[in-house]
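Protein chains in written order, with my numbering: chain X, 3 to 312; chain R, 3 to 312.
For the record, the hints were derived by calculation from the structure and aren't laboratory data.
Predicted, not measured: the structure shown is a model, and the values here were computed from it.
There could be a bad hint or two in this list.
Note that identical chains are pooled: a pair holds if it fits in a single copy or bridges any two copies.
Stated by the list, open to error - No more than 30 Å apart at the CA atoms, straight line, and that leaves these computed lysine-lysine pairs for BS3-like: (1) K150 / K28; (2) K305 / K199; (3) K306 / K86; (4) K82 / K72; (5) K169 / K148; (6) K207 / K305; (7) K169 / K71.
Residue strings, one per chain:
Number of protein chains: 2
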Amino acid sequence: MQKNLKMSLLVTGTVAFDAIETPFGKTDKIIGGAATYISLAASYFTQSVNLIGVVGDDFPADYIDFLNKKGINTKGLQVKEGEKSFFWSGRYFNDMNSRETLITELNVLANFDPIVPEEYAEPDFLMLGNLAPIVQSTLINRLSKKPKLIVMDTMNFWMDIALEDLKETIKLVNVLTINDEEARQLSGEYSLRKAAKVIQLMGPKYLIIKKGEHGALLFHENEIFYAPAMLLEDVFDPTGAGDTFAGGFIGWLAKTGDISFENMKRAIIYGSAMASFCVEKFGTENILEIPESALIERVAQFKKLSHFEM
Amino acid sequence: MQKNLKMSLLVTGTVAFDAIETPFGKTDKIIGGAATYISLAASYFTQSVNLIGVVGDDFPADYIDFLNKKGINTKGLQVKEGEKSFFWSGRYFNDMNSRETLITELNVLANFDPIVPEEYAEPDFLMLGNLAPIVQSTLINRLSKKPKLIVMDTMNFWMDIALEDLKETIKLVNVLTINDEEARQLSGEYSLRKAAKVIQLMGPKYLIIKKGEHGALLFHENEIFYAPAMLLEDVFDPTGAGDTFAGGFIGWLAKTGDISFENMKRAIIYGSAMASFCVEKFGTENILEIPESALIERVAQFKKLSHFEM
């Protein structure tokens with residue numbers, strides 16, 4: 003796929019170790035984190051991915067080299083000597099739609115200050131992966147130019163413990179991505195159509211509601227788009243699916259530079275296609291090297307899955 | 003909408019009273035039953051709907067007159083003197099996706115013998131609404147000609163208490179419609195893609211998996227179609243949504259006489275559109291008189307909701 007070389011994309015979020023247990027097996031500590039999945043997915047579309055994050059000195063240098071080879075600039079990835087990387091461990095239940103957290107060790111993330119290297123300061127696109135809302139807004143405020151589009155991902159955890167910060171931060175963004183339960187929690191409305199209206203009044207003009215195996219919804223003013231999810235034989239590990247979706251979404255927008263509703267639909271399909279690869283293996287394994295032909299084929303499958311002629 | 007006058011459609015299923023409680027309110031005994039919803043929905047597409055069912059003498063004659071005025075032939079609707087109609091009462095929980103049964107009084111249904119009037123005996127299309135599988139198969143065996151297409155709806159209740167009968171009956175049908183949990187129960191597979199393969203090997207060449215607010219899936223050989231659900235401000239009462247969907251589906255097929263996969267996609271969209279009207283009010287209220295323009299408009303919304311250009 004021809005990559006755009008002009009539009010720059012700034013990505014932040016966690017860069018971390020995960021240990022994952024699913025009905026199909028379990029992993030030792032493997033590399034994960036929202037910004038890792040986002041950057042990798044976006045790198046299939048654009049060569050100008052700038053990463054801001056923090057890790058400890060336990061984070062493998064050769065994985066950072068690998069990210070660089072994918073065209074991801076890691077100048078903004080702080081490596082804290084003598085400290086440990088963020089670590090999350092979780093177990094998925096049989097339905098793969100619910101999970102329990104076994105271990106959360108914040109480590110370097112506890113005092114993460116998102117320093118913006120000078121060459122990163124004027125991004126065209128900004129993707130805020132999951133982090134404390136106050137860290138996300140700090141980063142926005144440090145940019146020297148307002149990006150063309152700011153997309154923010156967050157989760158129920160921050161709604162539980164930092165709701166006011168979250169509400170302040172979403173005022174600053176154009177697109178919010180959350181799942182259906184989170185949309186209900188944030189809006190106080192069960193109907194997703196009503197929830198979307200309430201959330202759009204909080205700031206984001208665009209809302210993406212991720213429904214896992216049931217697809218994704220895009221809301222903008224009175225328009226709605228419903229993207230299906232790919233029907234896979236097995237979902238092997240859902241970790242990072244939402245982040246990979248976000249990376250494909252913002253990557254496509256950065257590649258095309260087009261933020262119309264019609265193009266956001268395409269971005270959602272690319273995001274969904276990337277996410278469908280992600281869940282077929284543990285961690286980032288299946289999105290490290292996706293052949294272009296496989297991506298094109300999968301996008302075609304999405305069209306076949308959902309199109310009809312009346 | 004121009005209705006087809008040539009292809010005949012035979013419908014069976016319950017004709018009943020329901021008492022429904024939802025977070026929005028509750029009803030006294032109102033008219034319900036699978037065959038009622040199916041016939042009403044199908045009557046928007048074809049003038050040749052023949053109904054087989056059974057009621058007691060408590061069933062209002064003016065509702066039967068109303069069905070006749072909709073073009074539904076009720077010669078096969080047995081009215082049992084001195085007996086009572088089937089009665090179901092249920093309560094929906096806040097999420098509207100789960101419910102509990104409060105009362106089930108079989109009454110006339112306990113000994114229902116599906117007698118086929120002579121003029122019904124050679125239907126082009128047969129829609130078996132929810133009933134004991136043995137009653138459904140009895141009706142199939144009494145027809146003097148094999149229909150062009152047999153569609154069968156059933157539910158988990160029969161999987162729990164009459165699984166062997168159910169398995170025998172589904173061998174005789176072309177299309178099975180069940181919900182996602184029922185597909186998992188019947189196949190023993192969690193992945194719907196795997197579940198569909200298992201169920202297709204049981205007999206039905208086509209499988210429709212109804213996912214409520216998450217839309218519907220059509221499987222045939224290696225083809226899959228994913229229809230979205232309409233995003234409504236509120237789902238007022240889900241009772242009969244699946245039957246109304248089935249009625250719109252078979253009604254469209256009977257109208258067009260075309261049972262290709264492409265046309266089944268359209269049939270699913272018409273079924274989904276009919277179901278989206280159904281849930282906007284209690285019982286059959288909102289599908290008694292749907293203006294043609296409203297139906298056309300809603301089908302257009304489905305296309306807008308799910309189509310994208312790459």
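Tested hints:
Proximity of K150 to K28 under the C-alpha cut-off of 30 Å is found in neither arrangement, the shortest distances being 41 Å within a copy and 50 Å between copies. Taking the closest pair of Cα atoms, K305 and K199 come within 30 Å of each other both inside a single copy (28 Å) and across two copies (22 Å). Taking identical chains as interchangeable, the C-alpha atoms of K306 and K86 are never at most 30 Å apart, the minima being 46 Å within one chain and 49 Å between chains. In this homomeric assembly, K82 and K72 come within 30 Å of each other (Cα to Cα) only inside a single copy, at 23 Å, whereas the closest approach across copies is 75 Å.
Taking CA atoms no more than 30 Å apart as the test, K169 paired with K148 passes inside one copy only; the shortest distance there is 19 Å, against 62 Å between copies. In this assembly of identical chains, K207 and K305 lie within 30 Å of each other by CA distance both inside one copy and across copies; the values are 26 Å within and 23 Å between. Within a single copy, K169 and K71 get their C-alpha atoms no closer than 37 Å, and across copies no closer than 56 Å, so neither meets the 30 Å cut-off.
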